[in-house]
Amino acid sequence: MPKRKDISLNERQFILSLLKDSQRLDGRAIDQFRKVDLKFGDSLGHAEVQLGKTRLVVRVSAEVSKPYEDRPYEGTFIITTDVSSMASPLFENNRSSDDEMLMTRLIEKAIRRSNALDLESLCIVAGKSCWMIRADVHYLSYDGGLVDASCIGVIAALMHFRRPDTSIDGDQTIIHSVEERVPVPLSILHVPICVTFSFFKVDEVPSSTENPVAAIPGSGQSANGVPTADDSAILVIDATAQEEALRHSELTITINKNRDICQIAKPGGYSVEALTILECANKAYKIATNITDLIYRRLKEDESKRNAGNLVPLTAENER
Amino acid sequence: MTESTVILPGDTLIDLGDATTLGPGLFQAPLSKPVPVKAGYLMRKEKGHTGSVYIESNSRRYVPSVKDHVIGVVVGRQTEGFRVLLQDASPSVRLGQFAFENANKKNRPNLPVGALVYGRITMADKDIEAEMECYDSNTGKAAGFGELKGGYVVQVSLAYARKLLFEGSPLLSAIGDIVPFEIAIGMNGKIWIDAPDNTTIFKIAQCIEKSETLSEHESVDLVSKLLSGKKTK
Amino acid sequence: MNLDSTFLSVNISVSPFSTVDRKKRPRNDRRIQECAMSIQRTFQEAIMGHLHSRTEIVISLHVLAQDGGFFAACINATSLALIDAGVPMYDYVSACSTALYDSISPLLDPNNAEESDLPFLTVATIGKTEKVSMLLLESKVPLDRLESLIAVTISGCHSLRDQMDRQVRKHGHLRITKRSE
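Sequence lines, in order, name chains A, B and C. Following the UniProt record's numbering, the numbering of the first sequence begins with 1 at its first residue and continues without gaps. Following the UniProt record's numbering, the numbering of the second sequence begins with 1 at its first residue and continues without gaps. Following the UniProt record's numbering, the numbering of the third sequence begins with 1 at its first residue and continues without gaps.
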């Protein structure tokens with residue numbers, strides 16, 4: 001973030017001592033994810049996510065374009081994440097800081113690189129035309145957890161979106177309007193969910209006399225197989241903006257319901273016991289399952305609302 | 001005596017009288033009548049034969065004005081003083097190193113970056129950096145100002161902070177009936193709280209933050225709900 | 001910016017001839033930038049920054065040839081360069097990558113061909129601990145395979161640390177003998 005949130009020593013002390021007692025300012029447990037509020041808009045592919053005070057809107061759109069030369073059988077998919085000062089005065093417009101760059105990369109890796117969207121199904125004529133899917137993420141308010149919230153938003157919006165149907169007549173590609181043919185849902189291969197863990201050092205800033213590496217040998221209390229063996233770090237799930245500003249390192253795990261880890265990123269910072277990371281991955285799996293279920297539930301609710309007037313539910317899916 | 005009406009920017013004001021002082025939200029160009037520049041309640045205060053008029057409206061952004069009591073974070077140290085931030089991502093104000101009780105060339109205050117100070121705005125011109133002080137410059141006494149140690153700070157809207165500071169609220173006395181606590185309210189929307197233990201601070205902070213959108217008796221109920229079983233006396 | 005500590009800045013430049021197909025890479029490649037940031041954050045914890053406050057250390061990495069383990073090699077090179085430059089550090093930072101072959105067997109230090117077909121993970125540790133300073137995984141791995149992958153990678157890091165230590169000592173010894181002549 002361009003300008004760091006300036007947090008007074010008093011607040012820092014207070015938040016850290018609360019965390020030490022496993023308490024948090026918003027009354028959550030330290031390993032509790034905030035309640036996810038997911039809503040869909042009137043148009044298809046419009047999702048709104050609220051995670052505590054963090055809010056964002058994702059809009060998915062599609063247009064016909066030319067595939068990349070090296071990938072003639074695939075459509076294109078772009079995610080734009082532009083954190084503006086709309087979200088918080090801490091962000092500057094049109095300038096992305098290092099942290100924002102990391103965030104964009106993370107979302108891209110979580111959804112695009114993990115092949116959540118089947119790009120081959122977006123091909124219309126190989127090498128000539130394909131669908132270009134765009135997901136624009138707009139941040140409305142910031143209170144930590146941007147990566148987690150964006151990931152939920154993008155994937156939910158993709159699942160909600162319907163693209164116009166196409167057919168090929170000789171050399172011509174016909175794009176059928178919504179009135180003409182029922183629009184087709186995108187083919188989503190899996191639902192990746194990001195969970196961010198924050199780590200706090202228990203003893204603040206090591207004094208120059210002691211050697212932190214020597215003081216935390218792997219053979220210490222940690223080796224006796226206790227799951228929460230890491231006495232030197234406090235693990236916090238889904239940090240708020242304040243906690244994000246104070247944390248010593250972070251770890252983002254992207255996982256789906258099929259127990260596939262799509263991505264893990266721990267970009268340096270305070271070291272964490274390997275066992276803790278495994279423990280985090282298991283916690284992430286549980287959270288991801290809950291969130292995936294929530295997304296499906298909300299999609300179903302939206303579907304039934306849309307089909308309320310119809311006798312037969314409109315669908316373009318093939319009966320398989 | 002106060003009275004209030006809703007007013008919008010550009011509304012014409014009925015005669016205010018000559019001896020009226022204009023407060024925030026009103027602007028008067030020379031040789032013309034005062035016009036409101038903010039939406040809110042027009043508040044009129046009469047004291048004897050002089051009165052003052054201002055517009056009460058809520059906002060989150062704080063613009064320093066003279067004599068405001070504020071709470072800020074030290075963000076920088078310079079040769080002749082400190083830089084204090086009153087709100088996130090806003091220009092900082094100056095705090096002179098002699099603007100403390102008993103401060104002189106030999107005895108300078110030593111505040112670390114990140115320290116919390118309670119003080120008063122002494123200069124707030126549009127085009128110059130604002131300045132603040134941490135003592136009463138008339139008497140040279142601390143007058144309750146200075147560094148705030150320990151505790152926690154909550155950020156609330158400006159109108160709520162003003163309400164707590166000027167009108168008071170049964171909320172604070174309700175908390176005080178259950179647990180002893182210290183509080184400092186800054187007009188910049190920062191409220192500092194200290195109590196004997198962390199859990200109490202945390203609960204008081206929650207009471208104050210949540211009561212912003214609650215009615216008075218609801219907030220008193222909230223206090224008894226959150227702080228019950230905390231009775232120390 | 002923290003004035004009580006050393007400021008690290010990392011630049012990575014990848015030569016166009018570093019891969020089989022000559023390609024001009026844009027300067028602001030996100031992957032490279034991410035890599036540079038991770039290196040910066042990893043070493044910020046490993047160096048004794050408080051000994052050189054108000055100082056900037058610039059680390060320039062030039063990648064001449066790529067055959068897998070790009071990120072790990074960058075970290076190991078940085079570690080050795082900092083030691084050679086005499087920057088006080090708590091311990092060696094060693095990094096290593098492991099691919100997962102056939103969704104079952106871990107494959108230590110994969111080459112370019114292996115990396116392009118298999119999921120792989122890179123880990124950096126500071127000294128010989130079980131603590132992970134940096135971890136990067138960019139492709140799909142089953143949750144139940146993560147443990148063995150990390151374990152193999154960490155042991156790879158430890159072995160690399162020993163190798164680096166041997167080389168550093170050898171080099172130091174060589175310098176001393178040259179000076180005393």
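Hints were generated in silico from the structure; no laboratory data involved. On a predicted model such as this, the values are computed, not experimentally measured, just so you know. There could be a bad hint or two in this list.
[Said to hold, decoys possible] Below 16 Å or equal to it, Euclidean Cα-Cα: the simulated EDC-like pairs (lysine to aspartate or glutamate) are:
#1 Lys45(B) / Glu167(B)
#2 Lys23(C) / Asp70(A)
#3 Lys53(A) / Asp42(A)
#4 Lys210(B) / Asp171(A)
#5 Lys20(A) / Asp197(B)
#6 Lys53(A) / Asp260(A)
#7 Lys128(A) / Asp171(A)
#8 Lys67(B) / Glu80(B)
#9 Lys286(A) / Glu45(C)
#10 Lys149(B) / Glu182(B)
#11 Lys53(A) / Glu209(B)
#12 Lys300(A) / Asp26(A)
#13 Lys283(A) / Glu303(A)
#14 Lys106(B) / Glu80(B)
#15 Lys257(A) / Glu45(C)
#16 Lys201(A) / Asp144(C)
#17 Lys283(A) / Asp98(A)
#18 Lys53(A) / Asp26(A)
#19 Lys283(A) / Glu45(C)
#20 Lys163(B) / Asp88(B)
#21 Lys283(A) / Glu147(C)
#22 Lys163(B) / Glu212(B)
[To be verified] Label pairs and their computed distance ranges (CB to CB):
#23 Asn94(A) / Ile128(B): 53 to 59 Å
#24 Lys53(A) / Phe27(B): 20 to 26 Å
#25 Arg179(C) / Ser90(B): 56 to 62 Å
#26 Val58(C) / Ser61(A): 40 to 46 Å
#27 Ser17(A) / Asp4(C): 20 to 26 Å
Every residue, glycine too, gets a C-beta built ideally from N, C-alpha and C.
Checked hints:
1. Lys45(B) / Glu167(B): Satisfied, since the Cα-Cα distance of roughly 14 Å is no more than 16 Å.
2. Lys23(C) / Asp70(A): Measuring from Cα to Cα gives roughly 14 Å; hence the hint holds.
3. Lys53(A) / Asp42(A): With a Cα-Cα distance of about 23 Å, the restraint between lysine 53(A) and aspartate 42(A) is violated, given a limit of 16 Å.
4. Lys210(B) / Asp171(A): 64 Å, violated
5. Lys20(A) / Asp197(B): Between lysine 20(A) and aspartate 197(B) the Cα gap is close to 14 Å, so the pair holds against 16 Å.
6. Lys53(A) / Asp260(A): Not OK: lysine 53(A) and aspartate 260(A) at ~30 Å, beyond 16 Å, violated.
7. Lys128(A) / Asp171(A): 11 Å, holds
8. Lys67(B) / Glu80(B): Violated: lysine 67(B) and glutamate 80(B) sit about 22 Å apart, past 16 Å.
9. Lys286(A) / Glu45(C): 31 Å, violated
10. Lys149(B) / Glu182(B): 11 Å, holds
11. Lys53(A) / Glu209(B): 14 Å, holds
12. Lys300(A) / Asp26(A): Measuring from Cα to Cα gives roughly 31 Å; hence the hint is violated.
13. Lys283(A) / Glu303(A): Between lysine 283(A) and glutamate 303(A) the Cα gap is close to 30 Å, so the pair fails against 16 Å, i.e. violated.
14. Lys106(B) / Glu80(B): 13 Å, holds
15. Lys257(A) / Glu45(C): 34 Å, violated
16. Lys201(A) / Asp144(C): 28 Å, violated
17. Lys283(A) / Asp98(A): 28 Å, violated
18. Lys53(A) / Asp26(A): 11 Å, holds
19. Lys283(A) / Glu45(C): Distance of about 26 Å is beyond 16 Å: violated.
20. Lys163(B) / Asp88(B): Roughly 22 Å between the alpha carbons, so the hint for lysine 163(B) and aspartate 88(B) is violated.
21. Lys283(A) / Glu147(C): 14 Å, holds
22. Lys163(B) / Glu212(B): Distance ~10 Å between lysine 163(B) and glutamate 212(B) Cα, so the pair holds.
23. Asn94(A) / Ile128(B): 53 to 59 Å: 30 Å, violated
24. Lys53(A) / Phe27(B): 20 to 26 Å: 34 Å, violated
25. Arg179(C) / Ser90(B): 56 to 62 Å: For arginine 179(C) and serine 90(B) the Cβ distance comes to about 57 Å; the hint holds.
26. Val58(C) / Ser61(A): 40 to 46 Å: Once the Cβ atoms are compared, 43 Å apart, the range 40 to 46 Å for serine 61(A) and valine 58(C) holds.
27. Ser17(A) / Asp4(C): 20 to 26 Å: Given a distance of about 22 Å, which is inside 20 to 26 Å, the answer is holds.
In terms of the numbered hints stated before, the structure departs from hints 3, 4, 6, 8, 9, 12, 13, 15, 16, 17, 19, 20, 23 and 24, listed from lowest to highest.
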